[in-house]
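Q: Chains Y and G, in that order, are what the protein sequence lines are. Residues 1 to 177 in UniProt numbering are what the first sequence spells out, letter by letter. Residues 1 to 429 in UniProt numbering are what the second sequence spells out, letter by letter.
Careful: at least some of the hints might be erroneous.
[What the hints assert, rightly or not] Ranges between beta-carbon positions, derived for each pair: (1) G:178 <-> Y:121: 45 to 51 Å; (2) G:418 <-> Y:162: 24 to 30 Å; (3) G:57 <-> Y:20: 24 to 30 Å; (4) G:40 <-> Y:16: 25 to 31 Å; (5) G:234 <-> Y:74: 42 to 48 Å; (6) Y:162 <-> G:57: 44 to 50 Å; (7) G:121 <-> Y:156: 32 to 38 Å; (8) Y:156 <-> G:296: 55 to 61 Å; (9) G:231 <-> Y:161: 33 to 39 Å.
Don't read these hints as lab results, they were simulated from the structure. Predicted model, so just to flag it, every value in this text is computed and none were measured. Just so you know, even glycine gets a beta-carbon here, dropped at the ideal spot from N, CA and C.
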Amino acid sequence: MNHDSYQDAYIRGILDEVKTIAMIGASANSVRPSYFVLKYLLAKGYDVIPINPGQAGKEILGQPVYGKLADVPRPIDMVDVFRNSEAAGAVVDEALALSPLPKVIWLQLGIRNDEAAARAEAAGIKVVMNRCPKIEYGRLSGEIGWTGVNSRTISSKRPVLQKGFQHRGLRDLKEKI
Amino acid sequence: MTDRIPGFSTLAIHAGAQPDPSTGARVTPIYQTTAFVFDDVDHAASLFGLQAFGNIYTRITNPTTAALEERVAALEGGTAALATASGHAAQLLAFHAMMMPGDNIVAANKLYGGSINQLNHSFKSFGWEVRWAEATDPDSFTALIDDRTRAIFVESLANPGGVLVDLDAIAAIARSKGIPFVVDNTLATPYLCRPIEHGADIVLHSLTKFMGGHGNSMGGVIVDGGTFDWSASGNYPMLSKPRPEYNGMVLHETFGNFAFAIACRVLGLRDLGPAISPMNSFLIMTGIETLPLRMQRHCDNALKVAEHLKSHDKVDWVSYAGLESDPYYGLHRKYMPKGAGSVFTFGVKGGYDAGVALVSNVQLFSHLANIGDTRSLIIHPASTTHRQLTDEQKTAAGAGPDVVRLSIGLEDVEDLIADLDQALATIEA
Numbered sequence: 001m002n003h004d005s006y007q008d009a010y011i012r013g014i015l016d017e018v019k020t021i022a023m024i025g026a027s028a029n030s031v032r033p034s035y036f037v038l039k040y041l042l043a044k045g046y047d048v049i050p051i052n053p054g055q056a057g058k059e060i061l062g063q064p065v066y067g068k069l070a071d072v073p074r075p076i077d078m079v080d081v082f083r084n085s086e087a088a089g090a091v092v093d094e095a096l097a098l099s100p101l102p103k104v105i106w107l108q109l110g111i112r113n114d115e116a117a118a119r120a121e122a123a124g125i126k127v128v129m130n131r132c133p134k135i136e137y138g139r140l141s142g143e144i145g146w147t148g149v150n151s152r153t154i155s156s157k158r159p160v161l162q163k164g165f166q167h168r169g170l171r172d173l174k175e176k177i
Numbered sequence: 001m002t003d004r005i006p007g008f009s010t011l012a013i014h015a016g017a018q019p020d021p022s023t024g025a026r027v028t029p030i031y032q033t034t035a036f037v038f039d040d041v042d043h044a045a046s047l048f049g050l051q052a053f054g055n056i057y058t059r060i061t062n063p064t065t066a067a068l069e070e071r072v073a074a075l076e077g078g079t080a081a082l083a084t085a086s087g088h089a090a091q092l093l094a095f096h097a098m099m100m101p102g103d104n105i106v107a108a109n110k111l112y113g114g115s116i117n118q119l120n121h122s123f124k125s126f127g128w129e130v131r132w133a134e135a136t137d138p139d140s141f142t143a144l145i146d147d148r149t150r151a152i153f154v155e156s157l158a159n160p161g162g163v164l165v166d167l168d169a170i171a172a173i174a175r176s177k178g179i180p181f182v183v184d185n186t187l188a189t190p191y192l193c194r195p196i197e198h199g200a201d202i203v204l205h206s207l208t209k210f211m212g213g214h215g216n217s218m219g220g221v222i223v224d225g226g227t228f229d230w231s232a233s234g235n236y237p238m239l240s241k242p243r244p245e246y247n248g249m250v251l252h253e254t255f256g257n258f259a260f261a262i263a264c265r266v267l268g269l270r271d272l273g274p275a276i277s278p279m280n281s282f283l284i285m286t287g288i289e290t291l292p293l294r295m296q297r298h299c300d301n302a303l304k305v306a307e308h309l310k311s312h313d314k315v316d317w318v319s320y321a322g323l324e325s326d327p328y329y330g331l332h333r334k335y336m337p338k339g340a341g342s343v344f345t346f347g348v349k350g351g352y353d354a355g356v357a358l359v360s361n362v363q364l365f366s367h368l369a370n371i372g373d374t375r376s377l378i379i380h381p382a383s384t385t386h387r388q389l390t391d392e393q394k395t396a397a398g399a400g401p402d403v404v405r406l407s408i409g410l411e412d413v414e415d416l417i418a419d420l421d422q423a424l425a426t427i428e429a
């Protein structure tokens, strides 16, 4: 598929479908982008598994850290990758060796590897590249607008409240005009 | 299924403004509160650490203001926006995020007089230098740029002279030098011109003018085009270096293509404090809903008044880019073909005294220092807005002794022409 841009429905479908996310390159440093995303996705109810060889056996935000994908003892719905574009290729191959296969491989903002994406898609895995799931969740829930960010969505429906007024859930795109 | 991209008028009404989640109120409520309760200590920590989206304190974010910000960002085609207490505050915060002592801005010499003062004098005490380029000559910008230049600044449609700058040409210079191109779009509004589509990296507004449009609320905005690489040169440490205020966070790395708007908010607005009031955000947002309708009428009325004045025997000259004879007509057709705005100047025969007589004798035009109101406005810049400038600066800024500035409102244009005619008739030849 074309990875220059994505339909909102494609991204929303992925964020709605996946429950367990393995995060490659999750940092224990609280000002790193991966820590932000980990914390946000946990707050949204995802089961996020940090993968970081340097932190293996420890915990980040209360979640046990594994050294590599193959060490994770339960099925993974999505692999979220905080590595550079070149290194992302090997990570995709590790993901392709999992059983069962993940449903989605997501490369973070600034990361794109079209060859690796083609390998994953040939195995029936959905791919997102050069995007951030935190930003996309914030955009599709409307939360990101609280910071003045252009969500590029409009809706005449009430936002979905997740838990309390400062936590929104994903909008139902069927109702989007 | 393809995501449908809404048109400008749809965005002017809907962008940023879903129904209120708690009450179902269709119009965005005025959240007239200073602060917002936290769910718990961890939620508070996430908000203060910028790890979660949410509201803490109205100096930093407010839901009413956020709806305004998202709406302006959508109309300008930017990634994010930050609203401020005034247009001047927007300029302060935007340059604060780019400039260190010893850095300089290369700015067009055709700017609003208040901006000339701010750049020339107030910014000097921060150690920020301004270098004035000839607005109509893109090469003059190139000649002033050095290794401490951190921004190029122009008005898309300059106040008060009706001067248009060649945005594409200046954007190409900025790009080749790796410097952000900052464009004030107050007089044009995104209805007439969207500078990001012409290479602007940052767009500023005084929302007090046509965006709000009713002469009732002060406000400003910074729009992040999401186009500039703040990390490439190392010259923008607010964005590219670890910030001690946030335990070493690097804003550009963390917030990507809306990092500039975040920097202006969490380093500028948070610490310098010129926040817009939620009431003003509400009034301006209501004004923006009719921006496309108002702006077209403003332009149509202005063209008729300009054409009338051009043939008036008490008028020496008219500077309005909508007139075919105007030197900026070509740029108007290229950059803002729907209209040339509603603010323009003309020269009254008899110079300074005739200008004073004219503003004293109008009955429908209001003599005041503002533009972009439903009401038609008149001012004699040499005796008011530009009086602090030297004669040389006045003339350079298009505010010489005979210059009268009009901001044409939404009244019946025949009444506006009649009022100018009777006031001009009082001037002794």
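Q: May I ask which of the numbered hints given earlier this structure violates, with the numbers listed in increasing order?
A: 1, 2, 3, 6, 7 and 8
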